[in-house]
Amino acid sequence: MLTKRIIACLDVRDGRVVKGVQFVDLVDAGDPAELAARHAASGADEIVLLDITATHEGRGTLLETVRRTAQRLFVPFTVGGGIRSADEAAAVFDAGADKISINSAALTRPELIGEIGAQFGAQAVVVAIDARRATEGDPVADAQVYIAGGRKPTGRRAIEWAREAESRGAGEILLTSMDSDGTRAGFDCELTAAVSEAVQIPVIASGGAGTAQHFTRVFCEGKADAALAASIFHFGIADVRSLKEALRRDGIPMRLPC
Amino acid sequence: MRVTVIDYRAGNLTSVVKALRSLGAEVLVTEDPEVARNAERMVLPGVGHFAATRRLEETGIRAAVEDAIARQVPFLGICVGLQWLFAGSSEAPDCTGIGALSGSCQRFAPGRKVPHVGWNSLSIRQNSRLLAGIAEGGFAYFTHSYWAPVGVETVATANYGEPFSAAVERGNVMGVQFHPEKSGETGLKVLRNFLEFPSC
Numbered sequence: 000m001l002t003k004r005i006i007a008c009l010d011v012r013d014g015r016v017v018k019g020v021q022f023v024d025l026v027d028a029g030d031p032a033e034l035a036a037r038h039a040a041s042g043a044d045e046i047v048l049l050d051i052t053a054t055h056e057g058r059g060t061l062l063e064t065v066r067r068t069a070q071r072l073f074v075p076f077t078v079g080g081g082i083r084s085a086d087e088a089a090a091v092f093d094a095g096a097d098k099i100s101i102n103s104a105a106l107t108r109p110e111l112i113g114e115i116g117a118q119f120g121a122q123a124v125v126v127a128i129d130a131r132r133a134t135e136g137d138p139v140a141d142a143q144v145y146i147a148g149g150r151k152p153t154g155r156r157a158i159e160w161a162r163e164a165e166s167r168g169a170g171e172i173l174l175t176s177m178d179s180d181g182t183r184a185g186f187d188c189e190l191t192a193a194v195s196e197a198v199q200i201p202v203i204a205s206g207g208a209g210t211a212q213h214f215t216r217v218f219c220e221g222k223a224d225a226a227l228a229a230s231i232f233h234f235g236i237a238d239v240r241s242l243k244e245a246l247r248r249d250g251i252p253m254r255l256p257c
Numbered sequence: 000m001r002v003t004v005i006d007y008r009a010g011n012l013t014s015v016v017k018a019l020r021s022l023g024a025e026v027l028v029t030e031d032p033e034v035a036r037n038a039e040r041m042v043l044p045g046v047g048h049f050a051a052t053r054r055l056e057e058t059g060i061r062a063a064v065e066d067a068i069a070r071q072v073p074f075l076g077i078c079v080g081l082q083w084l085f086a087g088s089s090e091a092p093d094c095t096g097i098g099a100l101s102g103s104c105q106r107f108a109p110g111r112k113v114p115h116v117g118w119n120s121l122s123i124r125q126n127s128r129l130l131a132g133i134a135e136g137g138f139a140y141f142t143h144s145y146w147a148p149v150g151v152e153t154v155a156t157a158n159y160g161e162p163f164s165a166a167v168e169r170g171n172v173m174g175v176q177f178h179p180e181k182s183g184e185t186g187l188k189v190l191r192n193f194l195e196f197p198s199c
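Chains as they are written, first to last, in numbering that gives the first Met the number 0: chain B, 0 to 257; chain F, 0 to 199.
Just chain B, same shape as in the assembly:
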């Protein structure tokens, strides 16, 4: 039976894992290679490393961080943040990523999705969508896509962009609710379900994880294929194993580590 995936996300700046609320007030949460290995041992089904380094010099350290993190990792490893071209993607794959996640670069130039897919396969291309509920019209059906860490609206509807990303060859959608991100108050299940039902490719829910129940809800009501969280794992609030045990008790199909 295909299980629902629990994905541990590491937000990395200048080679260190950081965590903040809604992308501000960042605090140090440790070494990416060490944390990735710890999450994988604890049962994380995948690791996502999201580079939020702002400076050009900092970008140079990303490939080294990816290489170091991938070295001891034998579960799928996705890397995102600032990838703007097929060549940049190739360098990240070469450093050891199995998939890359693209966000604003795909919005600026949607052909990028197909270009990376043609070289590395559609399964290696995750399109990340940062969305906020709409303030006009239907809050969910008209939810809007943002870039620049949720600060800049693009004027596009999340559902429509998810469909376009699929038709251009994305392998998965990583949907982050900017309203929920960092709040630990639960995923946006309605928005996740709307996007998940609009496409045939898997949807990863992100933003708002706080308790095991939040995950159960996003898998059942949100129709998510996978759910991603960062902060709840870093500070020992819950480890992946205890989270997965709780979800299995709720009847969600889970891979438990042996």
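Some clues are possibly wrong.
As a list, the in silico SDA-like pairs of lysine to any residue whose alpha-carbon atoms are at most 25 Å apart [stated by the list, open to error]:
id: 1; chain 1: F; residue 1: Lys112; chain 2: B; residue 2: Arg156
id: 2; chain 1: B; residue 1: Lys151; chain 2: B; residue 2: Ile251
id: 3; chain 1: F; residue 1: Lys17; chain 2: B; residue 2: Asp93
id: 4; chain 1: F; residue 1: Lys188; chain 2: B; residue 2: Gln70
id: 5; chain 1: F; residue 1: Lys112; chain 2: B; residue 2: Ala140
id: 6; chain 1: B; residue 1: Lys222; chain 2: F; residue 2: Ser144
id: 7; chain 1: F; residue 1: Lys17; chain 2: B; residue 2: Ser41
id: 8; chain 1: B; residue 1: Lys151; chain 2: B; residue 2: Gln70
id: 9; chain 1: F; residue 1: Lys112; chain 2: B; residue 2: Glu163
id: 10; chain 1: B; residue 1: Lys222; chain 2: B; residue 2: Gly250
id: 11; chain 1: F; residue 1: Lys17; chain 2: B; residue 2: Arg67
id: 12; chain 1: B; residue 1: Lys222; chain 2: B; residue 2: Pro138
id: 13; chain 1: F; residue 1: Lys17; chain 2: B; residue 2: Glu33
id: 14; chain 1: F; residue 1: Lys112; chain 2: B; residue 2: Glu114
id: 15; chain 1: F; residue 1: Lys112; chain 2: B; residue 2: Gly113
To be clear, the hints were calculated from the coordinates, so they are not data collected in a lab.
Place chain F on chain B using the hints.
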């Protein structure tokens, strides 16, 4: 232990090479048929489109692989590499597989998410050397849109709407639809079994 990994520009080889090296294998990556002809042990990875296997014909690697298989060299096809062992795939009807196993690959039927992505459980159908020590219900990581039929050489199936070949073994010819290099301890065990497969 020397392993020749065939590079045919079908996706990324970094992970599979890394996993084999972590198990102590000496890995040689090549797209040169002459090099492949001397392989003692061969891995054909592959993520992406079945049409990528056309390159195996163009470069002459296909004949080298067929020779190696005939010489009883232990051979492991991964993902598209497993599918290539069959007659072909509806993903690229003009490309033929090597037909070591009977049947063709087809796309998952509509009505569920495609690609099939994630950790699915293995249902063991018969004893094999490749899956020795892998428990019934053990999990492996899959990512694919096309599936290979279940036949007499199928040693494990997985189910996604329909049962399909998750692992095959016929003599020295082996294949896995899942990614052993990304399937945690279970996957490393499969790769270790392959590396320990007797080579004459």
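To see whether the hints hold, each was checked on the structure:
A C-alpha spacing of about 22 Å is found between F/Lys112 and B/Arg156, which places the hinted pair at or below 25 Å, so the restraint holds. A distance of roughly 36 Å separates the Cα atoms of B/Lys151 and B/Ile251; the hinted pair therefore is violated under the 25 Å criterion. A C-alpha spacing of about 11 Å is found between F/Lys17 and B/Asp93, which places the hinted pair at or below 25 Å, so the restraint holds. For the proposed pair F/Lys188 and B/Gln70, the alpha carbon gap of about 18 Å is at most 25 Å, so the pair holds.
Annotation: proposed proximity of F/Lys112 to B/Ala140 holds, straight-line Cα distance about 21 Å (limit 25 Å). A hinted pair counts as satisfied when its Cα atoms are at most 25 Å apart, and B/Lys222 with F/Ser144 qualifies at roughly 20 Å. Annotation: proposed proximity of F/Lys17 to B/Ser41 holds, straight-line Cα distance about 21 Å (limit 25 Å). Pair hint B/Lys151 plus B/Gln70 does not hold up; C-alpha atoms about 36 Å apart against a cutoff of 25 Å.
Proposed proximity of F/Lys112 and B/Glu163 is supported: the alpha carbons are some 16 Å apart, at most 25 Å. Under the criterion of a C-alpha separation no larger than 25 Å, the hint pairing B/Lys222 with B/Gly250 is consistent with the structure, at around 14 Å. Of the supplied pair hints, the one linking F/Lys17 and B/Arg67 holds, its CA atoms being roughly 12 Å apart against a limit of 25 Å. Restraint check for B/Lys222 and B/Pro138: the C-alpha separation of about 18 Å stays at or below 25 Å, so the hint holds.
Between F/Lys17 and B/Glu33 the CA atoms are separated by roughly 18 Å; this keeps the pair inside 25 Å, and the hint holds. A distance of roughly 23 Å separates the Cα atoms of F/Lys112 and B/Glu114; the hinted pair therefore holds under the 25 Å criterion. Of the supplied pair hints, the one linking F/Lys112 and B/Gly113 holds, its CA atoms being roughly 19 Å apart against a limit of 25 Å.
In terms of the numbered hints stated before, the structure departs from hints 2 and 8, listed from lowest to highest.
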